[in-house]
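Q: Sequences listed follow chains G and B, in order. Quick note on the working numbering: the first sequence kicks off at 1 and runs consecutively. Quick note on the working numbering: the second sequence kicks off at 1001 and runs consecutively.
Think of the hints as simulated: they come from the structure by calculation, not from any bench. Beta carbons: idealized from backbone N, C-alpha and C, even for Gly. Among the hints, erroneous ones may be present.
Said to hold, decoys possible - What the simulated footprint calls covered on chain G by chain B, stretch by stretch (three residues with Cβ under 8 Å from a Cβ of chain B suffice, anywhere in the stretch; the number is not a length):
{"#": "1", "segment": "28 to 36"}
{"#": "2", "segment": "242 to 251"}
Stated by the list, open to error - Simulated crosslink set (SDA-like; lysine to any residue; CA at most 25 Å straight-line):
{"#": "3", "chain 1": "B", "residue 1": "LYS1049", "chain 2": "G", "residue 2": "LYS22"}
{"#": "4", "chain 1": "G", "residue 1": "LYS305", "chain 2": "G", "residue 2": "HIS475"}
{"#": "5", "chain 1": "B", "residue 1": "LYS1027", "chain 2": "G", "residue 2": "PHE223"}
{"#": "6", "chain 1": "G", "residue 1": "LYS435", "chain 2": "B", "residue 2": "ARG1060"}
{"#": "7", "chain 1": "B", "residue 1": "LYS1027", "chain 2": "G", "residue 2": "GLU80"}
{"#": "8", "chain 1": "G", "residue 1": "LYS227", "chain 2": "B", "residue 2": "ARG1060"}
{"#": "9", "chain 1": "G", "residue 1": "LYS74", "chain 2": "G", "residue 2": "HIS475"}
{"#": "10", "chain 1": "B", "residue 1": "LYS1049", "chain 2": "G", "residue 2": "HIS461"}
{"#": "11", "chain 1": "G", "residue 1": "LYS355", "chain 2": "B", "residue 2": "SER1055"}
{"#": "12", "chain 1": "G", "residue 1": "LYS227", "chain 2": "B", "residue 2": "LYS1027"}
{"#": "13", "chain 1": "G", "residue 1": "LYS240", "chain 2": "B", "residue 2": "ALA1019"}
{"#": "14", "chain 1": "G", "residue 1": "LYS237", "chain 2": "B", "residue 2": "LYS1056"}
{"#": "15", "chain 1": "G", "residue 1": "LYS22", "chain 2": "B", "residue 2": "LYS1027"}
{"#": "16", "chain 1": "G", "residue 1": "LYS237", "chain 2": "B", "residue 2": "LYS1049"}
{"#": "17", "chain 1": "G", "residue 1": "LYS437", "chain 2": "B", "residue 2": "THR1034"}
{"#": "18", "chain 1": "B", "residue 1": "LYS1017", "chain 2": "G", "residue 2": "LYS471"}
{"#": "19", "chain 1": "G", "residue 1": "LYS471", "chain 2": "G", "residue 2": "PHE223"}
{"#": "20", "chain 1": "B", "residue 1": "LYS1017", "chain 2": "G", "residue 2": "HIS475"}
{"#": "21", "chain 1": "B", "residue 1": "LYS1056", "chain 2": "G", "residue 2": "THR360"}
{"#": "22", "chain 1": "B", "residue 1": "LYS1017", "chain 2": "G", "residue 2": "GLU263"}
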Amino acid sequence: MARIVVLGTGFAGNTAALNLKKYLGDRHEVIVVSPRKNFSYVPSLVWVGVGSMQPEKTGFDLEPVYKKHGIIFKNGAAEEIHPDSGDQYVAVKYSDGKTEHIKYDYLINATGPKLNYAATPGLGPDAGYSDSICTLPHAIKTRDNYLKAVEKMRQGKRQKFIVGTGHGTATCQGAAFEYIHNLEFDLNRRGVRNMADITWISNEPALGDFGVGGVIVKKSGNFVSGKLFAESTFLEKGIKWVERAHVRKVEEGSLDYVNIEGEEGKLDFDFAMLIPPFAGIPIAYIDKDGNDIKAQMCVPSGFMKVDADYASAAKPFEEWKNSDWPRKYNNPIYKNIFAAGIAFAPPHPISKPFKAPDGTLIAPSPPRTGMASGIIGHTVALSIIDMVKNGAEEPTHQASMTEFGAICITSMGKSMTHGSAALLTMDPVVPNYEKYKFGRNLNYTFGDIGLAGHWVKYMLHYLFIWKMKGKFMWHFIPD
Amino acid sequence: MENKAEKDLTEYVPYSKEARSFMSPTKYTVFIRTFIPWQLIKFAYYNLKMLMVLSKGHGRFMDD
């Protein structure tokens, strides 16, 4: 009997656990470890953040799902991984202070990110002055602060809104882009748009980069940069923007930034939603002699090393290759440990990195959330299934971000009759300039804006929650 | 209904940062984006496009 331990219950972890149990059956044990009892459908937290979706519609309790599927659930936090053969286990700490050593034959690190608000002084809703939509509790707090601002506008007081990224290396610009559009849409709906000044700030080299190097699509007989479409949505709605910027600090009512030209600026705000940079969850890696081997297992940001070429990070952007990116997602030292979703360490950004004259790095980190997380979690599960059932010594499945495509839907207003969303397909996720003139296969790379895009996002909300609940025919729903 | 797009066009400032790569939707484009009969056709088209991307496959065997 094999035991597979999965750390995390997001898209990657939950997808992996459900697939492992489905195909390994009762002969083998699947254990999920997470300090969270609920699955949170993060793509819809944008709507929670402006009060257009009830929080309880964005998640569900995991215990009954795992019980139904025969998956053992440990509601605790993984604190240590002891990976040496013969003594490999995860040390889990529970809320009552007790700890348990859970042995494993295969381990999937799918913990997701640590939200690194501390990287920017004053950033974040807990100890800082800005809001966030990265977790459900934060999205609820964001909604409450947003509604207070709406009330002030109704009383005749003009309000300044800032939305974007809170650090030069933050990711998830797409989520912030969704939020600023939903905010603008909702202000219109509430009849107070004329009392609001809305500004976007981000670390992207250009609007529409989204940390994936931007996108070129075929449109009206031309090859067109997504930058033009992103900018056009802001011009249409009277949203100002600051790009190529690193937020140095956030104070009550203002933030300071620097851009790649070295220009320093200050933006005042009454409400700010800023996405933080991500880091790896702080887990210790201890060898059989009790030595801390984290430096060998992880990159400095704390994400776990997999089969990527990490030496390529020292090379200039022009020398980055597709072969830098991982395919199998297992650790090169301990090959029975995998990292899936945000937990794996990418070799370097996707977008070209820039620096301010003082050396401040302004480089969006590569997004690998949502569909990419599900694909990687599924792929890792398939490899482990082959290793368990068929004795494969190496992972048998691959999913390089330079080869698979993704679908991104950016909500721009929630309404079944006059809402909108930008639907973007890109293939591959990481531009492949060795194979395609514009980095991507234009037969599969497509973008459009409209009400139908909102219908797609709304449909996927229910479809993916159904899938993550492991309901009837869940496995027929693609990642 | 006031044409929001045309209102923004009146704020076009030559040689501004925005003017360097200016694109803004016309009144017709704003209308068609929420015209339900057309968007129903688009919905079907989007689903076909998504199926195309999904059908390319991922999680392939290492021998491929």
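Q: Against each hint, give a clear statement of whether it holds in the structure.
A: Hint-by-hint comparison with the structure:
1. 28 to 36: Our answer is that it is violated, as 0 residues pass the Cβ test (under 8 Å) against chain B, missing three.
2. 242 to 251: violated (count 0)
3. B:LYS1049 / G:LYS22: Violated - the C-alpha atoms of G:LYS22 and B:LYS1049 are around 29 Å apart, more than 25 Å.
4. G:LYS305 / G:HIS475: violated (29 Å)
5. B:LYS1027 / G:PHE223: Holds. B:LYS1027 to G:PHE223 sits at ~23 Å (cutoff 25 Å).
6. G:LYS435 / B:ARG1060: Holds - the C-alpha atoms of B:ARG1060 and G:LYS435 are around 19 Å apart, at most 25 Å.
7. B:LYS1027 / G:GLU80: Measuring from Cα to Cα gives roughly 59 Å; hence the hint is violated.
8. G:LYS227 / B:ARG1060: violated (32 Å)
9. G:LYS74 / G:HIS475: holds (24 Å)
10. B:LYS1049 / G:HIS461: holds (18 Å)
11. G:LYS355 / B:SER1055: Violated. G:LYS355 to B:SER1055 sits at ~39 Å, over the 25 Å cutoff.
12. G:LYS227 / B:LYS1027: holds (21 Å)
13. G:LYS240 / B:ALA1019: Distance ~13 Å between G:LYS240 and B:ALA1019 Cα, so the pair holds.
14. G:LYS237 / B:LYS1056: violated (36 Å)
15. G:LYS22 / B:LYS1027: violated (52 Å)
16. G:LYS237 / B:LYS1049: Measuring from Cα to Cα gives roughly 28 Å; hence the hint is violated.
17. G:LYS437 / B:THR1034: violated (34 Å)
18. B:LYS1017 / G:LYS471: violated (51 Å)
19. G:LYS471 / G:PHE223: Outside the cut-off at roughly 42 Å; violated.
20. B:LYS1017 / G:HIS475: Not OK: B:LYS1017 and G:HIS475 at ~48 Å, beyond 25 Å, violated.
21. B:LYS1056 / G:THR360: Since the Cα atoms of B:LYS1056 and G:THR360 sit roughly 40 Å apart, the hinted pair is violated (cutoff 25 Å).
22. B:LYS1017 / G:GLU263: holds (15 Å)
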